[in-house]
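Participant: Each chain is listed here by its residues.
2 protein chains.
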Amino acid sequence: MIAAMARWDPDARGRLMLAAMDLYSERGYNQTTVAEIAKRAGLTERTFFRHFADKREVLFSGSAQLEEAIVGAVAGAPESAPPFDAVAVGIEAAGGFLRERDYSRRRQAIIAPNPVLQERELIKMASLASAIAGALRKRGVSDPAASLTAEAGTAVFRIAFERWIDEGNEKHLLALIHESFEELKSLVA
Amino acid sequence: MIAAMARWDPDARGRLMLAAMDLYSERGYNQTTVAEIAKRAGLTERTFFRHFADKREVLFSGSAQLEEAIVGAVAGAPESAPPFDAVAVGIEAAGGFLRERDYSRRRQAIIAPNPVLQERELIKMASLASAIAGALRKRGVSDPAASLTAEAGTAVFRIAFERWIDEGNEKHLLALIHESFEELKSLVA
Chain D
1 MIAAMARWDP DARGRLMLAA MDLYSERGYN QTTVAEIAKR AGLTERTFFR
51 HFADKREVLF SGSAQLEEAI VGAVAGAPES APPFDAVAVG IEAAGGFLRE
101 RDYSRRRQAI IAPNPVLQER ELIKMASLAS AIAGALRKRG VSDPAASLTA
151 EAGTAVFRIA FERWIDEGNE KHLLALIHES FEELKSLVA
Chain B
1001 MIAAMARWDP DARGRLMLAA MDLYSERGYN QTTVAEIAKR AGLTERTFFR
1051 HFADKREVLF SGSAQLEEAI VGAVAGAPES APPFDAVAVG IEAAGGFLRE
1101 RDYSRRRQAI IAPNPVLQER ELIKMASLAS AIAGALRKRG VSDPAASLTA
1151 EAGTAVFRIA FERWIDEGNE KHLLALIHES FEELKSLVA
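Top to bottom, those sequences are chains D and B.
In terms of this note's numbering, the first sequence opens at residue 1 and continues consecutively.
In terms of this note's numbering, the second sequence opens at residue 1001 and continues consecutively.
Don't take every hint at face value.
Said to hold, decoys possible - Now the stretches of chain D that chain B is said to cover, found in silico as 3 or more residues with beta-carbon under 8 Å:
(1) 65–79
(2) 137–150
Said to hold, decoys possible - In silico DSS-like links for lysine-lysine, alpha-carbon gap of 27 Å or less:
(3) B:Lys-1185 to D:Lys-185
(4) B:Lys-1185 to B:Lys-1171
(5) D:Lys-171 to D:Lys-124
(6) D:Lys-171 to D:Lys-185
(7) D:Lys-171 to D:Lys-138
(8) B:Lys-1185 to D:Lys-138
(9) B:Lys-1138 to D:Lys-185
(10) B:Lys-1055 to B:Lys-1138
(11) D:Lys-55 to D:Lys-39
(12) B:Lys-1124 to D:Lys-124
(13) B:Lys-1171 to B:Lys-1138
(14) D:Lys-185 to D:Lys-124
By construction, these hints were calculated from the structure, which means they are not laboratory data.
If you're wondering where the values come from, they're calculated on a predicted model, not measured in any experiment.
For glycine and all other residues, C-beta sits at the position ideal for the given N, C-alpha and C.
So that you can see chain D by itself, here it is in the shape it has in the complex (with noise of 0.2 Å):
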């Protein structure tokens, strides 16, 4: 009963995470397993794989987490809300739930020498900015007002995003996309 207790860790996915963060910094991602992930992380393949489906999911896994915050802040915005502040209510969720700037850092400094990543990447933001079009349709928003203001609220993410984790900016991530809200509103008129 206690060696069953044992076996089972409730920290193995950020064990995980951090072993393949840093085996990925080290020798480069595409010279890393997943046998060495869970060497480093002290746990099994099998217990690697009951967490992410790859390696290449322990970058992505939480991307489907900030979706969702996204689009349930955009949903719970006031209802008398146009539909571009209804986006930036979902964007600074955004900026709420992303809190680690080193991790981000780390991250990104691993996808972008790697074109497959980056592919990745994009799939993963069209595929935020399709949702937060989904969210603003079922607000009532038709298109292409709704396919516009999801497009132009995760160009604003993504380049709040970037200027975040750019070495350098101590701005909160939460300054930067109000900035680049404002920013974009100035360009605009």
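Keeping the supplied structure of chain D fixed, place chain B upon it in accordance with the hints.
Facilitator: Just chain B now, with coordinates in the frame of chain D:
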């Protein structure tokens, strides 16, 4: 001499594109081989590979010229034009560049059900946004304004393009681009 001239076909590229589109529509993209495309066009595989790197490039060979046309128009916009107007000039140039709605509709019908082709399209759009941002920087626009404007302009283009190839929509692409820019302005205001 006459034989050598006869082997040179000034419209080989166009014939290969048409043959490929026909086969992709009839059998599906994955089920079509380069050998079949060449045969349908009455040409050799060697000729195919003189024009296209692979069967995917038949669908994306226009993207580089489109990007060039847009970036050239952004660069050539009046010096006094604010960033968003310079991008509008560039995107409107795309409206002049893309004239064959039937071709674009058929191409879309091939890409839409195929995740690999969709990803390729996303990458081309990301490359377009980054090329427009580069053209803005050369005009003296700093970041994040350059990236934000480029991303917003690319979103407008994508949405106007989607509306254009939507069955039942008979408006001109240029008119749809204008409408989408105006719509974005009123949404952001």
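Participant: Let me make sure I understand: some of the numbered hints might not hold for this structure. Which ones are they, in numerical order?
Facilitator: 1, 7, 10, 13
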